[in-house]
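Since the structure of chain A is provided, determine the placement of chain B on it from the hints.
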Amino acid sequence: MMKWIMGGLISVSVIVGIITGNISEVSNAAIDSGTKAAQLSLALLGTMGLWGGLMRIAEKSGLTNVISKLFRPVAKFLFKGISPDSEAFRAISMNITANLLGLGNAATPLGIDAMKKLEKADNPGETASRNMIMLAVLNTASIQILPTTVAALRLAYGSQTPLDILPAVLLTSLCSVCVGITLVFVFDKKGGRT
Amino acid sequence: MRFSDYIIPVFIAGILIYGLIKKVDIFDEFTVGAKENLIAAFDILPALIALMTCVGMLNASGAADMLCSAVSPFLEKIGFPAECAPLAFLRPISGSGALAVYEQIISENGPDSFAGRVASVLLGASETTFYTIAVYFGAVKAKKTRHALPCSLAADLTAFILSALFVRVFFA
Chain A
1 MMKWIMGGLI
11 SVSVIVGIIT
21 GNISEVSNAA
31 IDSGTKAAQL
41 SLALLGTMGL
51 WGGLMRIAEK
61 SGLTNVISKL
71 FRPVAKFLFK
81 GISPDSEAFR
91 AISMNITANL
101 LGLGNAATPL
111 GIDAMKKLEK
121 ADNPGETASR
131 NMIMLAVLNT
141 ASIQILPTTV
151 AALRLAYGSQ
161 TPLDILPAVL
171 LTSLCSVCVG
181 ITLVFVFDKK
191 GGRT
Chain B
1 MRFSDYIIPV
11 FIAGILIYGL
21 IKKVDIFDEF
31 TVGAKENLIA
41 AFDILPALIA
51 LMTCVGMLNA
61 SGAADMLCSA
71 VSPFLEKIGF
81 PAECAPLAFL
91 RPISGSGALA
101 VYEQIISENG
111 PDSFAGRVAS
121 VLLGASETTF
131 YTIAVYFGAV
141 KAKKTRHALP
151 CSLAADLTAF
161 ILSALFVRVF
171 FA
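From first to last, the protein sequence lines are chains A and B. Under our numbering, residues 1 to 194 are what the first sequence spells out, in order. Under our numbering, residues 1 to 172 are what the second sequence spells out, in order.
Derived by calculation from the structure, the hints in this document are not laboratory data. Given the structure is predicted, the values throughout are model-derived calculations rather than measurements. By construction, the Cβ of each residue, glycine as well, lies at the ideal position given by its N, Cα and C atoms. Please note that the accuracy of each hint is not assured.
Claimed, not checked - Each computed DMTMM-like pair below joins lysine to aspartate or glutamate, with the alpha-carbon atoms no more than 25 Å apart:
#, chain 1, residue 1, chain 2, residue 2
1, A, 36, B, 65
2, A, 76, A, 113
3, A, 69, B, 25
4, A, 60, B, 28
5, A, 69, B, 29
6, B, 143, A, 119
7, B, 144, A, 164
Stated by the list, open to error - Stretches of chain B that chain A covers, calculated by requiring three or more beta carbons in the stretch to come under 8 Å of a beta carbon on chain A:
#, region
8, 7-15
9, 20-33
10, 36-44
11, 48-58
12, 98-111
13, 130-140
14, 148-160
One chain only, chain A, in its complex shape (with noise of 0.2 Å):
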C-alpha cells in the first residue's frame, strides 16, 4: 500500500512540477523535507517522552485498573454474549482504558490480545463475528481524552494555546465513535447474527 502512495506521489510531483515550473521549488523540497522530518520528531521527543513517564506511572500504581473498572459498564453494553469475569472482557476494558489515555503503544498489543480472546470465546471461524467487529471499530476511532501529539506540535509551531482546541476534538471524538457503534448495531439488527 504505502510503496504505491510514495511512488505516485513523488512522480506526480516532478511530472507536475516540470509542467508548471516548479522544478527548482520540487527540488529544494526534496533536499529539505528530511530535516524538517528530524525537526517534527524532535519537536515531539519531549511530550512523548513524558506522556509515556506517566503513564508507566500510572500503570504501576494501578491507576489504569481502577479506571478499566469505571468502564466495565460501557464494554458490558457494547459486546455481548461474554461474561464480565472472562479473560475476553478484561482484555477488551484495558483495551478501553489505554486508548482514552492515549497509549497507543500499549493500546494495540492489547487489543490484538482481546482479539484473540474474542475468537476463542466466539469461535466464528473464518467470518469475524459482531464482538471483534466492534472492537475494531472502537480502536479506528479515536477516544483519546488528551490529544498530546496534536497539543505538542501546535505549541511547537507558536500556538498560544495549544489546548483551545480539546473541547471540539472530544465532541468530534464522541460523535464519530457514536456513529460506528451505532452502525454496528444497525447491522446486527439487519444480519440477525452474532
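Chain B in isolation, oriented as in the chain A frame:
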C-alpha cells in the same frame, strides 16, 4: 485563565500523587516509561522522512494546490477548508503521512488559523483506520471482516465533517 490551562498540570500532579500513595518509585518508573516512548518516537522517523519528502515535493510542485482547487467547490458547501483536504484523504491510510501533511498545514497557515484548528481537530479525533483493521484482523483467523471497514469509515467521515463544524462553533 482558561479551563484548559488547568487540565495538564492537574492531570500530571494527580498521577504522580496517586503513584506516591501507592508506593511506586515514581522517578524510576517515569524514566523507564519515558525511554519506551522515546524509542517509539524514534521508530517513526524513517517513515516520516519518506512521507514528508513526498508531501513537501507534492506541495512545491503545485499539485497539492490543484487538487485543493479541484475539490474546493464541494468542500465549500460543507464548510470544510480546502487546505485540509489532503489530510482528510491520507488520515485513514497512513499515520506518519497524516502527520507530514498536518505539519505542512500548520506551518503554512499557522496553528491558530481556521484551517490549522480544523486540521488539529481532525488529527486528534481520528485514527489510521486501514492500518488498525489490518493489524487487528491480521492477528486472528477470521478474514471476512464483514461490516468492520464500512462502519469505521463512516465514523471517519463523521469526524471529517464535524471537525470544521465544531471549530466554527467554538471559535466563532
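Do the hints match the structure? See the list:
1. A:36 - B:65: The hint holds at about 20 Å.
2. A:76 - A:113: Holds - the C-alpha atoms of residue 113 of chain A and residue 76 of chain A are around 18 Å apart, at most 25 Å.
3. A:69 - B:25: OK: residue 69 of chain A and residue 25 of chain B at ~24 Å, within 25 Å.
4. A:60 - B:28: holds (11 Å)
5. A:69 - B:29: holds (23 Å)
6. B:143 - A:119: holds (12 Å)
7. B:144 - A:164: The given pair, whose Cα atoms are some 41 Å apart, is violated under the 25 Å limit.
8. 7-15: holds (count 5)
9. 20-33: This one holds; 9 residues, not fewer than the three required, reach chain A with a Cβ under 8 Å.
10. 36-44: With 7 residues closer than 8 Å to chain A, the region 36-44 of chain B meets the three-residue bar; holds.
11. 48-58: Since three or more residues must qualify, the claim that chain A covers the region 48-58 of chain B holds, with 11 doing so at under 8 Å.
12. 98-111: As far as the region 98-111 of chain B goes, the hint holds, because 8 residues have Cβ atoms under 8 Å from chain A.
13. 130-140: holds (count 8)
14. 148-160: holds (count 9)
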